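There are 2 protein chains.
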Amino acid sequence: MGFETGAGLSGQVTWVSQAAPPSAQMSRGDSVPFTIATLVNDGAQYDAMLRSFQEGGFTGDCEYLALDNRAGNCFEAYGGIRLVLERARGRHVIVCHQDVRLISEGRHALQARLEELEIRDPLWAVAGNAGGTGRGIAKRISDPHGEDQRSGDLPAKALSLDENFLVIKLSSMIAPSADLAGFHLYGTDLCLQARLRGHSAYVIDYHLRHLGRGTVGRDYYLCLEALEDKYARILKPGAIQTTCLAPMITASPWQLAIARLGRFRKKLKKLRKERQKQAARRAP
Amino acid sequence: MGFETGAGLSGQVTWVSQAAPPSAQMSRGDSVPFTIATLVNDGAQYDAMLRSFQEGGFTGDCEYLALDNRAGNCFEAYGGIRLVLERARGRHVIVCHQDVRLISEGRHALQARLEELEIRDPLWAVAGNAGGTGRGIAKRISDPHGEDQRSGDLPAKALSLDENFLVIKLSSMIAPSADLAGFHLYGTDLCLQARLRGHSAYVIDYHLRHLGRGTVGRDYYLCLEALEDKYARILKPGAIQTTCLAPMITASPWQLAIARLGRFRKKLKKLRKERQKQAARRAP
Numbered sequence: 016m017g018f019e020t021g022a023g024l025s026g027q028v029t030w031v032s033q034a035a036p037p038s039a040q041m042s043r044g045d046s047v048p049f050t051i052a053t054l055v056n057d058g059a060q061y062d063a064m065l066r067s068f069q070e071g072g073f074t075g076d077c078e079y080l081a082l083d084n085r086a087g088n089c090f091e092a093y094g095g096i097r098l099v100l101e102r103a104r105g106r107h108v109i110v111c112h113q114d115v116r117l118i119s120e121g122r123h124a125l126q127a128r129l130e131e132l133e134i135r136d137p138l139w140a141v142a143g144n145a146g147g148t149g150r151g152i153a154k155r156i157s158d159p160h161g162e163d164q165r166s167g168d169l170p171a172k173a174l175s176l177d178e179n180f181l182v183i184k185l186s187s188m189i190a191p192s193a194d195l196a197g198f199h200l201y202g203t204d205l206c207l208q209a210r211l212r213g214h215s216a217y218v219i220d221y222h223l224r225h226l227g228r229g230t231v232g233r234d235y236y237l238c239l240e241a242l243e244d245k246y247a248r249i250l251k252p253g254a255i256q257t258t259c260l261a262p263m264i265t266a267s268p269w270q271l272a273i274a275r276l277g278r279f280r281k282k283l284k285k286l287r288k289e290r291q292k293q294a295a296r297r298a299p
Numbered sequence: 016m017g018f019e020t021g022a023g024l025s026g027q028v029t030w031v032s033q034a035a036p037p038s039a040q041m042s043r044g045d046s047v048p049f050t051i052a053t054l055v056n057d058g059a060q061y062d063a064m065l066r067s068f069q070e071g072g073f074t075g076d077c078e079y080l081a082l083d084n085r086a087g088n089c090f091e092a093y094g095g096i097r098l099v100l101e102r103a104r105g106r107h108v109i110v111c112h113q114d115v116r117l118i119s120e121g122r123h124a125l126q127a128r129l130e131e132l133e134i135r136d137p138l139w140a141v142a143g144n145a146g147g148t149g150r151g152i153a154k155r156i157s158d159p160h161g162e163d164q165r166s167g168d169l170p171a172k173a174l175s176l177d178e179n180f181l182v183i184k185l186s187s188m189i190a191p192s193a194d195l196a197g198f199h200l201y202g203t204d205l206c207l208q209a210r211l212r213g214h215s216a217y218v219i220d221y222h223l224r225h226l227g228r229g230t231v232g233r234d235y236y237l238c239l240e241a242l243e244d245k246y247a248r249i250l251k252p253g254a255i256q257t258t259c260l261a262p263m264i265t266a267s268p269w270q271l272a273i274a275r276l277g278r279f280r281k282k283l284k285k286l287r288k289e290r291q292k293q294a295a296r297r298a299p
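For the record, the sequence lines run as chains A and B.
Start counting the first sequence at 16; every next residue gets the next number (our numbering).
Start counting the second sequence at 16; every next residue gets the next number (our numbering).
Next up, chain A with everything else stripped away, as it sits in the complex:
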């Protein structure tokens, strides 16, 4: 699929056709392979993270974005990541905590895992190193809970991902909710957003160290309840009126069946009326 500049009325039109090869200039977010974005409130921690990434091969052609919270929490995570995604130039956007350290695996390993994932499921939009799959937790990590942990058959499709390390495919155009804020559960929100858009999320086999242990405090509960409330609010079933016909947006098979039956009856009624009209015309 590619872009070719044709001679439109003004010479300004770019004709997009399936035939031509993709032109690099036309593509956004393909200018660097990785953007690595981090909320930073501790410069020393971030320096150590940076050092491990650069030793791991994320060097010259990578973009590093640091959301500066050193003088106080200017950025919360949901809004910060939206800002990052809006501005990132990387094909893949890594969003990670300042307290992760690359250890055994570097850039080539990550690149290889992402290429494998791309072949397995081109619709993947987010990947991480730990998450819920619906049948338990899948993970590959060293953290205060244990060294060299591995669980689940990786890559494993995920319903949620832990926030210590996330990779977002920029071209999927998924992003955190604009009506949520805080420092927790944006991994879950990203997975939900990916699913709602028709994309998927995965735990991949990429091993790094996370120095934090993940605490569930008051802030976590506030984010949890805000997330639940948000999705409860927007998932309320109801007809979405269009200018033509109203689709029934609902998870209830009953509601859907009733709406479709109603549409079918309307169609029959319309047909019957048309036939009566035709018959009336034919009658002497």
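A few of these clues could be false.
In this list, chains with the same sequence are indistinguishable; a pair is considered to hold if it fits within one copy or across any two.
[What the hints assert, rightly or not] In silico BS3-like links for lysine-lysine, alpha-carbon gap of 25 Å or less:
| hint | residue 1 | residue 2 |
| --- | --- | --- |
| 1 | Lys281 | Lys292 |
| 2 | Lys245 | Lys172 |
| 3 | Lys281 | Lys172 |
| 4 | Lys282 | Lys245 |
| 5 | Lys292 | Lys172 |
| 6 | Lys245 | Lys281 |
| 7 | Lys282 | Lys292 |
| 8 | Lys284 | Lys172 |
| 9 | Lys292 | Lys245 |
| 10 | Lys172 | Lys282 |
No wet-lab data here; the hints were simulated from the structure.
The structure presented is a predicted model; accordingly, all values stated were derived computationally and were not measured.
Based on the hints, put chain B in the right spot on chain A.
Coordinates of chain B only, in the frame set by chain A:
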């Protein structure tokens, strides 16, 4: 909010802070004010559309993208618009039919309507000239159904938008579903995606002519049922397991209340156990 290149470990880090003014270079999709994207299967129709846009002032600094369906339907609308959004350089991306014509209002009128909308609701993500509001149809259009039509108190929040003319705010990062295809109802899908992300959609007071009358044929029904099936599938209530605590993703207030009661009981149980342990330690 702006970007300043700080002296990181490698000189590669861009520190993002709230203080500095936004730097134009860092921002994607701000390089031109408008991208105008159209699925084209009739070159003469498109030429006439182009002429009306250029007479309306969408000239030099605008980007025109034409998805080339002249030799057959290479592009369906959902995928075509995703491709457009991935590559567009415009702050606002107009997606319109080849059979719309600008008449009384040009670029300055549209710019003014969008600026007013931005002040009223900075979270707007899609705008159009006709759509369902939940309390009827709002519109501002001339088409085969009537000249100079106006209904609803504009701008009106919309649950769906007609596809003849859509404006998407690129920075909102909303896009059509990756698991839908076809030539109908992508305006409704975009409104749903906007809402799910926490954004909103509007019918605005922008008057143009649409030469088509919008037909509801077999293709329309196929798109309608695919849309309903998709949202029914993904809106099924169920717990999303996280690595810490599982939020309950559901629209049912009962399910939500039961899940929260369960969490509260777990918390109490944990507290009771801790107290028993403390008591046991204190006991001789």
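Hints versus structure:
no.: 1; hint: Lys281 to Lys292; in the structure: within (17 Å within a copy, 68 Å between copies)
no.: 2; hint: Lys245 to Lys172; in the structure: both (24 Å within a copy, 19 Å between copies)
no.: 3; hint: Lys281 to Lys172; in the structure: neither (42 Å within a copy, 28 Å between copies)
no.: 4; hint: Lys282 to Lys245; in the structure: between (37 Å within a copy, 23 Å between copies)
no.: 5; hint: Lys292 to Lys172; in the structure: neither (56 Å within a copy, 39 Å between copies)
no.: 6; hint: Lys245 to Lys281; in the structure: between (35 Å within a copy, 23 Å between copies)
no.: 7; hint: Lys282 to Lys292; in the structure: within (15 Å within a copy, 69 Å between copies)
no.: 8; hint: Lys284 to Lys172; in the structure: neither (46 Å within a copy, 32 Å between copies)
no.: 9; hint: Lys292 to Lys245; in the structure: neither (50 Å within a copy, 38 Å between copies)
no.: 10; hint: Lys172 to Lys282; in the structure: neither (41 Å within a copy, 30 Å between copies)
In summary, the structure is inconsistent with hints 3, 5, 8, 9 and 10 from the numbered list given earlier, while agreeing with the others.
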